[in-house]
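Peer 1: Now for the letters of each chain:
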Amino acid sequence: MAVWRLLILPALAIVLAGCSGEDKVERAVAAKERAGCPSAVKPEWQRLANRVKAPVYCPSWMPSPLDAEIGGQWNSGGALVDKDRSYLVGFLWHEAGSGDVHVNFRGYPGQTAMPRCIDRRRPIPCFSDPRGTKRIGNKKVTIYTVSRDADQWHVTYLWRRNGTLYTVSEHVAPPLTFRRVVANLDRLVGGLELIRPS
Amino acid sequence: MKLTRKQLLGAAAAGALGAAGIYELVDELAEAPDRATAGVLPVEQHLLAGMKVFEHEGVEVIEPPLHHQVVTAKLGVEARRSELQEARETLEHALRKLERRYDVTPAGLAVTVAWGLPYFRRYVPALASRHIPVDLRASRSKEAPVSAVLDARRFPSDPDRAVLEDNDVAILIRSDRREHVADGARAIFDEAGDLFELTSIRKGFQGGGFSGGRSLPKAMATAAGVPGADLIPETAQLFLGFTSTQLHTQGQSAIANFETLGLVDVREGYFRGGTNLHLSHIHEALEAWYLDFDFRERVDTTFRPRFEAKDGAQTLPQRPEDAAGEPDVESDFRRFGAIGHGGSIQPTSRLQMDIRGTDGKLYRKGKAIPLRADFNTLDNPFFWTADPERDGFDERPAAGVHFLTFNPSSDDFHRNRLAMDGVLPNGTKLPLAPRSRAQGLNSVLETTHRQNFLVPPRAHRSFPLVELLR
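Heads up: the protein sequence lines correspond to chains A and B, in order. Counting the first sequence from 1 gives a position; our numbering is that position plus 23. Counting the second sequence from 1 gives a position; our numbering is that position plus 150.
Derived by calculation from the structure, the hints in this document are not laboratory data. Remember, predicted model here, so these are calculated numbers, not experimental data. Every residue, glycine too, gets a C-beta built ideally from N, C-alpha and C. A couple of the hints might just be wrong.
Computed spacing ranges between beta-carbons, pair by pair [as the list claims (entries may be wrong)]:
1) Ala169/B / Gly101/A: 54 to 64 angstroms
2) Glu205/B / Arg158/A: 32 to 42 angstroms
3) Arg546/B / Arg144/A: 33 to 43 angstroms
4) Gly59/A / Glu384/B: 19 to 29 angstroms
5) Val190/B / Ala206/A: 51 to 61 angstroms
6) Gln96/A / Glu181/B: 47 to 57 angstroms
7) Arg417/B / Ala119/A: 53 to 63 angstroms
With the hints as constraints, model all of the structure from the sequences given.
Peer 2: Printed below as a string of structure tokens:
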């Protein structure tokens, strides 16, 4: 009898937690994510889409303490756009002794081939060691555990849409574990809004 | 009653000897393999009968025991002949009792007792200077006699804080069954415990990943929640993803004995059948390994640049005929700016010519000399330590390896280890920055402790040379 009580009580607690105020907060956050790119940051993402003449993805959620404001306090140097219109938008929080939270968004308009990076004077894939695929919303993403250049030590989610390759990556470093980063990327990619050039 | 610090430490160590901690999970996660039974006890303490050899991914692999424990200690015995001889009898009695109770195989229990230079210097200095074998090759290089057993040293890629230890004794206990290891440790230290002041207890596991299901290292690291555990391949034998006990990578028969290859002069023969043990602990940065090196790079750096491997392979052939020589390592470095772990040590760890051993066996060119007994651990860096501050003890589990290897001499091991850092036996120093990415595997390893020990033959394993004191 006592054993049953031990088993039932935690189960009951879980059921009750499902109806708690905490759950309401979760639902509110989820609704906000479904609402898409926050209006405060959307104009800069729109400007990026116009500049690269291709759709870009703006996040509705970012891992704390980052936000998605291009040119904001966490953004590294605005949106970096190459001659071939490929772009990198990075957001970084760093505190000595505490760690990093670093998220990069990339797009390669008009390209679907794996981008190449230079390592010891030879071109190598920028993303390697694929670790399976998953469907998030309407995107079929491939997960890469080895990434190069500005994405070094990041887990990268990569997908293609209408002839363009996109990636979102996050750095695995304290305070984040690999598992946490994967959970963050699931949520991040699940909340992306496509911004078309206007 | 007020306990002294020594008594408190003794009580804590006694508890830790039999405690399983997280290693209890090994029994739940892996089944002990079927093993052959032992025949005659070998002269050597370091050889294990009944090891299972099987094929994995087309390569012959040795399956080592599942559970491992190393206990290090200083001696609490006065340097007097009568006390030492009594101590010798006590320890030998405990060891013989265990040999009557268990086969000396992984299915039973294997105990190896190794002695540090501090023991010889303090208790039997005159006899040691007469009997400890002399390394002939190292003596030729130095143009002066060099002992076959040397104090540990740091290597170029070792951090300055790596502790060079000075234990009197190390006892290695191995079995497929945790209760055998616990029983062995208790039997030795219940009977002979007064002789020892324990300095550390180190525990871990090996193997268990060949049946196709989730491997032991993967399951243990995941259960412990160590960073990078999720990135270990499902069936990997070791945390770093590759099998390391290929038949051809392990010294066979008596090749690692002092006397077999003629590298060492065993003088009057007291230590014939003995060997050198190097014992170290190494942290492994799993996230760095799996996030910074892709599969191809992990192969390049674990074996040799461009070493052939199917995608996702874990057990790669290490045939004698493919062993790299010094020109190969130098050529790899020139072409790729990097060296592989396996390739770089082969010029020193593999025979460079056929040699007829003193045991009458023909050891062919390319055969491995060292006999490794390393095992994965979640100790950080030890399961228990008498000096947590010095040893950097942390209760949080960490991925690592207790690296044990038997070589014919300390210098032989040192040559292997230097080669890993690009210092080749012909004196060539490849310009590799310590722990740089070009050093591959070394860049994710961090050695915390090192010591060399003399492993006497079984007949002299308890307080060696003491019976000769007059």
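Peer 1: Please test the hint of 47 to 57 angstroms on the beta carbon pair from glutamine 96/A and glutamate 181/B.
Peer 2: holds, 55 angstroms
Peer 1: Taking the CB of arginine 417/B and the CB of alanine 119/A, does the distance hold inside 53 to 63 angstroms?
Peer 2: holds, 57 angstroms
Peer 1: Assuming the hint says 33 to 43 angstroms, is it satisfied by the Cβ distance from arginine 546/B to arginine 144/A or not?
Peer 2: Given a distance of about 40 angstroms, which is inside 33 to 43 angstroms, the answer is holds.
Peer 1: Measuring from beta carbon to beta carbon, are glutamate 205/B and arginine 158/A in 32 to 42 angstroms?
Peer 2: holds, 39 angstroms
Peer 1: 19 to 29 angstroms was suggested as the range; check whether the CB atoms of glycine 59/A and glutamate 384/B agree with it.
Peer 2: Check failed, 38 angstroms falls outside 19 to 29 angstroms.
Peer 1: Quick check on a hinted range of 54 to 64 angstroms for alanine 169/B and glycine 101/A, using CB atoms only.
Peer 2: With a Cβ separation near 57 angstroms, alanine 169/B and glycine 101/A satisfy 54 to 64 angstroms, so the hint holds.
Peer 1: Can you tell me whether the CB distance of valine 190/B to alanine 206/A sits inside 51 to 61 angstroms?
Peer 2: holds, 57 angstroms
Checked against the numbered hints listed earlier, the structure breaks hint 4 alone; every other hint is satisfied.
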